[in-house]
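> Using the sequences plus the hints, can you model the full thing?
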Amino acid sequence: MKITKGHFIIGLLLLAALAAYPFFSGVVYTNLFVRFLIFALFGASLNLLLSYTGLLNFGHAMFFGVGGYATALLLEHMPNAGLLTALFVGASAGALLALIVSPMLVRVRDTAFALMTLALNQLLFIACLKLRGITYGEDGVGGFSIPPLNLFGLVSVDITHPYNFFYFSLCIVGLGLFLMWYTTRTPFGSIMIGIRDNPNRVNYLGFNLPFSKTVIFTISGFFAGSAGALFALFQNLVSPDAVMHIQNSFTAIIMVFVGGIGTFIGPIVGAAIMTGLENLAVRYTEKIFLFNGLLLIMVVMFFRGGFVGLYNLAKAKWGSK
Amino acid sequence: MQLVVKDLNTFYGAIHALQNISLSIAEGEIVALLGRNGMGKSTTLKSIMGIIKPRSGSIQFNGNELAGLPPHKIAQAGIGYVPEDRQVFGNLTIEENLMMGQMGIKNKNAAGPKWTLDRIYEHFPFMVKKHGLKARFISGGEQQMLSIARALMGNPSLLLIDEPSEGLSPIIVNEVRDILAEINKEGVSVLLVEHNYKVAVYLAKRIYLMGKAHIGYENSVGHLEAHPEIRSQFLEV
Amino acid sequence: MVSSKKIRYCLSVAMFISLFLLAGIVPAAMSANASFNIDKMSDMSDFDPNAVQQPTGDTIKIGYMAILSGPGASNGELFWPVINWVAHDINKRGGIVVDGKKKLIQIIKGDTQSKPAAAKQEAERLILEEKVHMFWGTSGSHIAKVLSDVAAKYKVPFMNCLALSDELMNEKNFNRYTFQTISNTTQWNMALAQYYADRPEKNFYILCQDYLYGHSMGTAFAKWLAVYKPDAKIVGEDYHELFLKDFAPFLTKIMAARPDVLYTADWSPDGNNLLRTARNMGFSQPIANIYITDTDTQKALGVEATKNLVVCYPFIIGDNPQTPAQKKLMTEWHKRWLTWKAPFNKLIYSWPDVTIGQTLADTYWMFDIIERAASTDAEKIISVWEGDEYEGLTGMHKMRAEDHQAIFPMFVGATGYPTKEVYPGAPYADGFSGINKVTTIPAEKCTPPIPEGLKDRLKNK
Amino acid sequence: MVILQTKNLCHDFSGMKVLSQVNLEILQGERHAVIGPNGAGKTTLFNVITGTYHAKGGSVQFKGADVTRTEPYQLSRMGMGRSFQITSIFLRQSAFQNIRLAVLSRRKIRYNLFKPIDSINIITNETEQILRQINLYDERNVPASTLSYGKQRSIELGMAIATQPDLLMFDEPTAGMSKEETHNAVRLIRRLTEGKTMVIVEHDMEVVFSLADRITVLHHGEILLTGKPEEIKNDRRVRSAYLGDSEV
Amino acid sequence: MKIPPSDRGTIMEGTAFILLTQGIHGISYGLVLFLAASGLSMIFGLMDILNLSHAYLFMLAAYFAFSIAQVTNFWVALLLAPLAIACIGMLLERYLIKPVHPFGHTPELVLTLGIGMVLLEVVKSIWGTTMLTVMPPESLQGFIPIGYLKYPVYRIFIIVFTIIILCGLHQLFRRTRFGTIVRAATVNSDMVSALGINVPRIYTLFFGFGTWLAGLAGVVVAPLLSVHPGLADQVGLDAFVVVVLGGLGSLWGAFVASILIGLLNTYGIQLIPTVAPLITFSLMVLVLTVKPTGLFGDRQ
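Residue numbers (the working numbering), protein chains in the order written: chain A, 6 to 326; chain B, 1366 to 1602; chain C, 58 to 518; chain D, 11 to 258; chain E, 34 to 333.
What the hints contain is simulated information worked out from the structure, not anything from laboratory work. Warning: the hint list may mix true and false statements.
[What the hints assert, rightly or not] Below, a list of computed lysine-lysine pairs in the DSSO-like style, where the Cα atoms sit at most 27 Å apart:
#1 A/K292 <-> C/K166
#2 C/K118 <-> C/K259
#3 D/K189 <-> B/K1418
#4 C/K494 <-> C/K385
#5 C/K212 <-> A/K292
#6 D/K27 <-> B/K1495
#7 B/K1563 <-> D/K243
#8 C/K290 <-> E/K131
#9 A/K135 <-> C/K280
The structure is reproduced here in structure tokens:
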């Protein structure tokens, strides 16, 4: 696709709209948007495994959780660590966990892979509850100081202000999404896709399959970890329920499926739809599960391409005149 | 004609595995389908049986259209299937294997089923002593017999048999061959897929030879015997 | 020289004056700033928790922060009739004058989902979008902590009437906007330990849930037992995972240790499962607990299984009401309950006792504070509530100014056979053992120490 | 010069003997076909050599090194390329992307995360060159799944040669093809493997005889014979093996 | 472990009794777990479907048991509730799972996850979220003495009942036509179909049968635990561990893993209570690391 003048203008308008968003929406919807951003990043990191490598990870929340905990604990014990350092430490923790678990995960696939990740997630969840000395159990790590964003020693921005945090997370998530998208465009990205479609052939073409998978896990873990770290900074609190729970893994899967599996934009659309719907549903019903469950069933039964797939179908039908 | 297959086309994904296959079998006849590996012999049988759904073409059996039906309906119509590699249920006993052949088929014969356990045991005496033995513990030849017997339990009027002599020692091959002849005498017609030329020629009156995904030759056994160059083209090195 | 007679005269006059003064001052010092008056209660015959009409417009907005979805949603359901009962009562009286205008009370639901992050998001939504004036809630100390932080951030008062961790109001977490009306961990265990100080039981087994709350309850009980009953023995101490699948192994262990009393702070479903498994396995010793109070479960278990439950709480009346006001409120509520439909027709709602009673009393207190502050302004509410003394349904409740922890008497109740016809036309417990022996632990005996760092909080101002 | 050698190679599946004492020698630069009736063990032999299975006995030597226990990706890096009997390409990708993956492997670009793949010209050029060789340049951008079977097989072959291996292993390259497709494939293979070393397993005798310099006949897991095509054609044992005769 | 003074002379005996009792507890819980997990494992074994909503059907059965027992009694519930669950299971298989099966494992896992979520919400809408109590029938209340400890009759009933069901299962698979067909279809469903047997119908029936077992487990568990919406997660996760640990599709593996987890659980509580909850999942991760197919599994 060529970038035309029209694209450029649309892009600029979009940026301007995003920049102005907080002032029109107020704090609640700014925070809602931040939530969406964090889950978009989280969902996209799962999507690297799900859509690009074909691995159904039922325990993706473990990377998210570890990232959140790492950032929170760092700031709890070293309040002067610096914002970007804390963020990077969180992301690296996700990557590190991925490195640690990959020797177990690269050997299995399909259902066994899904269940193994589920078990690992549950193990970490219980560990978070049990290691009270470190994690403060179910209360979680909260109230840690959130350092200001220091830009080259020139400007110091207090990101505890919702609007500032909005811009901060917009930049971080934007960068994260761009990096992931970029990854899919690199030679390694095409190896990932190869692994999804035909892991065996990739192996016979001379790519070390277990090692390649480890690299993918690490990348995915890194971005899931950074989403978790962002979440920790956003909430100023990480607790097992909020970051490590299996429900979080399911949420990410739902987002990918609802948005549209197999596309890069899918989980981002999914995150937008699900955060929006949840925000709506909360007001009118307490049956969020019913809602999500039915949505999942509908997507799997009737439009496996998710909303992106639906859009493409509609475009193919009515768009081309 | 008992079975008339016309212009059958079958695909495995992008592979056009059967291209306009047509063949027919008369009542009580043994017809052999020969060809090298990978030409589509087994696929033909599987397509007739409905295990692989043919994309187009017709399969008329006793005047009824079978194409597109699920396998169990086709079996119930009276076609028995003896697959490649025997495919006996190794975790079932011999008797259970035999009973499996009968369970899904409703008996339409007023005089009672033609093939009963007793009659099967008469024809395959080795099974009497071993009836309680798990099928995976019997020899390859015995498994082949069991596979045939299992198909017979459904009282078919036509048997599709895929490579019955494969992997068997010469003596056993002859035994299997004789059993098939015997069964045929009972009025069961047979479509035999073979790579053992001698067995095929011994049993069949008519021969189909398969080239890649198509039928390249059809004639009586006598004609084929008289033309070794055809045999060489389709079967040999 | 002054004559001795003169001196004697002066002294007697002085004594007289001081006696007069004392007579005036002391009762004034002992009487509350306000009290619960049952006679003011409206006619509640039209109250139905299934069909609550919330007033709209310019109202006093209370954020009802509770678990409304997820497995713990019964908790959010439980207090819905409570807060609406009080709101209905006051609204029928015409509301409360705040900022010079009489306003009705509007209850706005906020779902914590029992998850800190969700609670935070929801609390902010309630403040920013629904513009609530005050928070009411909430179960789970970790959720209450989040709520307390949000309350402080947006300067909205928060009455914590459900979460009982000591840490919530310690030096680190204290903020001016949060008021804890429920007893904290120390209060509970001081009260229970003193109850046992005068009793013959010596061997105790502690079994709590394996997370912060369970551990702090278990540890606190052991600590205060050692203070008040030095000859007591802890014969075993175990912490089990939340939502334990099978209590039998623990009970086998407990029975082998032969305790006189089993102490547990388990809440549902663990508490109920523990009780049931214990009785099924023939463990008939007393079970000292806090939350095994679900009447529906008790009815299913029957009289024998529910005997010998010792429960400690800030609000226990049982079949032994101590004042006419309690009796009247209990009767009035019960009469209404008979007309309620599912889910509020469950037995647990039949009498406003224990958790329901305590929150009911606390809610009346909260609205009384607003009424006296005559404003929904946070600063005004704080100034009235700090140091306030309120004669509630179960005695004097004092809001300690330093740490915003309410001080009040605690009650220990023990279940026995159901007694017939305690309240007009109805027994307190029917088909199970009800609380019929209530021991009062006076407030001064269960007053927790003020956290060190907060002692001088007001002096420095 | 011998490029590949198996020594007393044995393999079995849960006790069922499939290969026994197979001694195969492939010479540098020859086109070698392995044939044999069904169940002879051709595919197993192929899989043992290419690292899918590790032999239960004996050894495989490739370019002088022992590769009996070597993993497939290592074999590929050592210069052994293979194609698959069941088309094993990336169906959701275009022909271009399929071939490019193989080119990446040859260029040893594996974990490059820094450069967009589209901007690495050397890769694009080499890929396009191979696409021209396999006559798919015009259809390089449509998903492979929409191509005809014959063209999918061309991609299969293209991927095998794109790694520029020293030894090419073709597993039934014409399986499932129609007559014309087979003819085209044979022509293509001949052109692509000009001057290269190739081992081919094939049922189609026309293909075998039009391609092979030497032929090995496998029967019941043992080598029956190795020789020039004419020798094989006229050997009685081979013929009876194929006709299922019992005299063998 | 503290032994009262009067028992000092029989410490060994006391310890032995405790360990014995704990062993029986472990076995009884393990057997319940097996009931809950067996259907899951068998359905995977025959149909290659991992039904994530299995645990929710199990929970639904416990709720059915509550409602039926209120109107009639426990025994009627034991009969009817599993049948109702089986019907629901068959409907789910026929109209939701079967159409999605050809598209692979991922959509199927996500679909059954969605079904589970809906079932959970349905349960909450009908029965609310409070705890409900199902009592064992009168005849199964009380206990029998084991040494100086007592053992509840209901748990003995569980052991006996599960063993009866196990024997029944064995007979069903050995003796009946249905069992024979299922055993045959497990190894080669195409061949079964080619013998004239309607395999899709057998699949639907079998799915119903597997969920029937989950239903049985739900009813049997109801008098042991409170019936509440967390029940599915509470026991369901253990059931998944059992299936994976034993090896997907291996009934024998599920049996061994159930008993193993039951025993590890009780002895863990007796001997090392602080780490007991970690044992199950650690064991699973450990086993899968060494053998990805589980203890007795032969496929992924």
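> Decide, hint by hint, whether the structure agrees.
Outcome of the hint check:
no.	hint	verdict
1	A/K292 <-> C/K166	holds (14 Å)
2	C/K118 <-> C/K259	violated (50 Å)
3	D/K189 <-> B/K1418	holds (23 Å)
4	C/K494 <-> C/K385	holds (20 Å)
5	C/K212 <-> A/K292	violated (31 Å)
6	D/K27 <-> B/K1495	holds (26 Å)
7	B/K1563 <-> D/K243	holds (20 Å)
8	C/K290 <-> E/K131	violated (61 Å)
9	A/K135 <-> C/K280	holds (23 Å)
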